[in-house]
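Chains as they are written, first to last, in this note's numbering: chain G, 1057 to 1379; chain W, 1057 to 1379.
Everything labelled a hint here was simulated from the structure, so no lab data went into it.
Don't take every hint at face value.
Sample of chain G residues at the chain W side, in silico, Cβ under 8 Å [stated by the list, open to error]:
(1) LEU1210
(2) HIS1222
(3) ASN1259
(4) GLN1317
Here are the simulated DSS-like cross-link-like pairs (lysine-lysine), alpha carbons at most 25 Å apart as the crow flies [unchecked claim]:
(5) G/LYS1337 / W/LYS1135
(6) W/LYS1208 / G/LYS1208
(7) W/LYS1208 / W/LYS1059
(8) W/LYS1135 / G/LYS1208
(9) W/LYS1237 / G/LYS1237
(10) W/LYS1087 / G/LYS1237
(11) G/LYS1135 / W/LYS1156
(12) W/LYS1085 / W/LYS1149
Here are the in silico distance ranges between beta carbons for each label pair [as the list claims (entries may be wrong)]:
(13) G/VAL1116 / W/ASP1188: 34 to 42 Å
(14) W/PHE1118 / G/ALA1155: 41 to 49 Å
(15) W/SER1260 / G/ASP1327: 38 to 46 Å
(16) G/ARG1272 / W/ALA1256: 38 to 46 Å
(17) W/ALA1334 / G/GLU1136: 28 to 36 Å
We put the beta carbon where it would ideally sit given N, CA and C, even for glycine.
There are 2 protein chains.
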Amino acid sequence: MKKLYIGVDLGGTNVRSGLIDEEGTILAKDKRKSLPKISAEAPLNQIVDSINAVVASGGVGFGDIIRIGIGTPGPLSAKEGTILNAGNLPHWKNFPLAAKVRERVGVDVYIQNDANVYALGEWWKGAGRGYDNFFAMTLGTGIGGGAICGGKLLTGFNDNASEVGHMSIDRNGIQCWCGQKGCLELYSSATGLVRITNEALINSHVHSTLTEYRGRGDELNSQIIFEAASNGDEFAIEMFDTCGYILGLGIVNVLNILNFQRVAIGGGLADAGDLIFAPAKRALEERGFNTFNSEVSIVRGELPGNAAILGAAKMVIDMEVIN
Amino acid sequence: MKKLYIGVDLGGTNVRSGLIDEEGTILAKDKRKSLPKISAEAPLNQIVDSINAVVASGGVGFGDIIRIGIGTPGPLSAKEGTILNAGNLPHWKNFPLAAKVRERVGVDVYIQNDANVYALGEWWKGAGRGYDNFFAMTLGTGIGGGAICGGKLLTGFNDNASEVGHMSIDRNGIQCWCGQKGCLELYSSATGLVRITNEALINSHVHSTLTEYRGRGDELNSQIIFEAASNGDEFAIEMFDTCGYILGLGIVNVLNILNFQRVAIGGGLADAGDLIFAPAKRALEERGFNTFNSEVSIVRGELPGNAAILGAAKMVIDMEVIN
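Kindly produce the complete structure, drawing on both the sequences and the hints.
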């Protein structure tokens, strides 16, 4: 019988779990609400229930599970298994997540930054297969990043590496909550796209179906802008172009530091396809260092919904080597 | 008898060599002009003569030398031992440096980016000792960078990692020769300091001893600006402040990607001390991510003149493990 692991992906909206064997086959899956705003216990219960669900539907027992890996928003301490102070998990200040889950299920639990396990998953089974120097980004409410350098996950000294959303690409840009100005996620996340669109709508010369949202910015979202762009609205297309081009500038910056061969982009905004990928590739072509970027490709993540649970499992599978 | 290695540091002006034992003791040193503008043969001869000099003055023979490491400007292929196309080495397009030197001295030769071996040297014997996640930068004509991640040199997929001089911190900034706009080295290198000073001198309201260089920008250099600042010239101090603050913004960006514990700054401009370190530290404090930077220090390199030769030797010492 193959060795079995569980990978969990804790997000602000959903928690997903997978029962996964050492070769990366997903034998059972579960998805349910994560409920992080309700209490400290609520998301913990959801995680435990989700783990129970894949064990049950996989027809196995907890004695068959070697280890559990959880990808969660950070900042966190992977070494301590503790969530430090994540914006999306308001009831979990210095919360010992790994110990709490271990207590409830009786299996060893390890945690890691969600974007890092996303990168591990895409590297293992998706867009990063075969690339020992690989970067992955998720474009959602914010921007997450994860790096594989020389065939190993880059974690940094306290598991906070690859925070590419807070790379400034405009030192005089608008203030970010992180302390920096002009951070990439202010422009190239779903939130950033909405922000720059609202800002541009102030100009009364704009012709667009989106002008109906002028002064009602709270009602605008990235899906609405996407639909307008898909219907040929030039203004909406231009907003995606700005968002994607700046994404490409961020990629050039990370490329010059990490010298990767391939970057995979996932998260909700990646569904916009060439509306965002074409300008990102144009930025790489126009602004990249020639000798570096000749072999670099920007591609879409291949495992939406599965990358993070696969990566969380991969993290605890690779511990075999250490133990 | 201890095992012996030679570390070579090829710069645009000088070539330095050191006869170094496995513990990092420098037993003999040589420094001479590198002559890269004259011909392809000239700098090669200087390297070989410099290597011969440390062998002779160390009282050993080539049979005693296990390997030679050379740090050189890139881009290069460490794997092939070839200089690809370095701005400072105009006669060396696709030049097989490692093979050429090996042919002349009969010892195995390996090459690596100069800023990478600088970082290795500071990590081994200088400001980075004991920090498994460490970054080093050299501020000269340009800006070089080198990273130790999890106790290993970060090289990337073709040895072009850590090109921090070409990280953009201003997407709408001035055009850099690399293709990008607003690159860090346009502001925070010695050349960058002179550039922003000349630019500021255009303003006729400037009061400074440096106004005599207005319209004679070619005669200005970083040493002159340093002397003015040291003599209390407020304008010159402000120029260093801008240069150092932007350096700090660049450090924040790299920190958010690599999550290092310490960064060491070397190169000529580091001699300006607090004129440049104080504003860099202020930028880290004002713009850094709180949870990340609490344990991060910005320090001066400790091994001027020796870091790169030590690092070049360390690179070939560590090959013992591989062979």
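Evaluation of the provided hints:
Interface restraint check for G/LEU1210: the shortest CB-CB distance to chain W comes to about 6 Å, inside 8 Å, so the restraint holds. Evaluation of the G/HIS1222 hint against chain W yields a held restraint, the C-beta minimum of about 5 Å falling below 8 Å. Interface hint at G/ASN1259: violated, since its Cβ lies 18 Å from the closest Cβ of chain W, which is beyond the 8 Å cut-off. Interface hint status for G/GLN1317: upheld, as the beta-carbon distance to the closest one in chain W is roughly 5 Å, under 8 Å.
As the CA atoms of G/LYS1337 and W/LYS1135 are separated by approximately 28 Å, the hinted pair breaks the 25 Å bound. Only pairs whose Cα atoms come within 25 Å are accepted, and W/LYS1208 paired with G/LYS1208 is accepted, the gap being roughly 11 Å. At most 25 Å may separate the alpha-carbon atoms for a hinted pair to count; W/LYS1208 and W/LYS1059 meet this at roughly 22 Å. Only pairs whose Cα atoms come within 25 Å are accepted, and W/LYS1135 paired with G/LYS1208 is accepted, the gap being roughly 20 Å.
A threshold of 25 Å between alpha carbons decides the hint, and for W/LYS1237 with G/LYS1237 the separation of about 17 Å falls inside it, so the pair holds. Proximity of W/LYS1087 to G/LYS1237 is assessed by CA-CA distance (about 44 Å); at most 25 Å being required, the pair is judged violated. Our distance criterion of 25 Å between C-alpha atoms is broken by G/LYS1135 and W/LYS1156, whose separation comes to about 47 Å. Restraint check: the Cα-Cα separation between W/LYS1085 and W/LYS1149 comes to about 29 Å, which exceeds 25 Å; the hinted pair is violated.
For the hinted restraint 34 to 42 Å between G/VAL1116 and W/ASP1188, the CB-CB distance of approximately 38 Å keeps it satisfied. Between W/PHE1118 and G/ALA1155 the beta carbons are some 59 Å apart, a value that contradicts the proposed interval 41 to 49 Å. Restraint check, W/SER1260 to G/ASP1327: a C-beta distance of roughly 54 Å breaks the suggested window 38 to 46 Å. At roughly 44 Å, the beta-carbon separation of G/ARG1272 and W/ALA1256 lies within the given 38 to 46 Å, and the hint holds.
At roughly 34 Å, the beta-carbon separation of W/ALA1334 and G/GLU1136 lies within the given 28 to 36 Å, and the hint holds.
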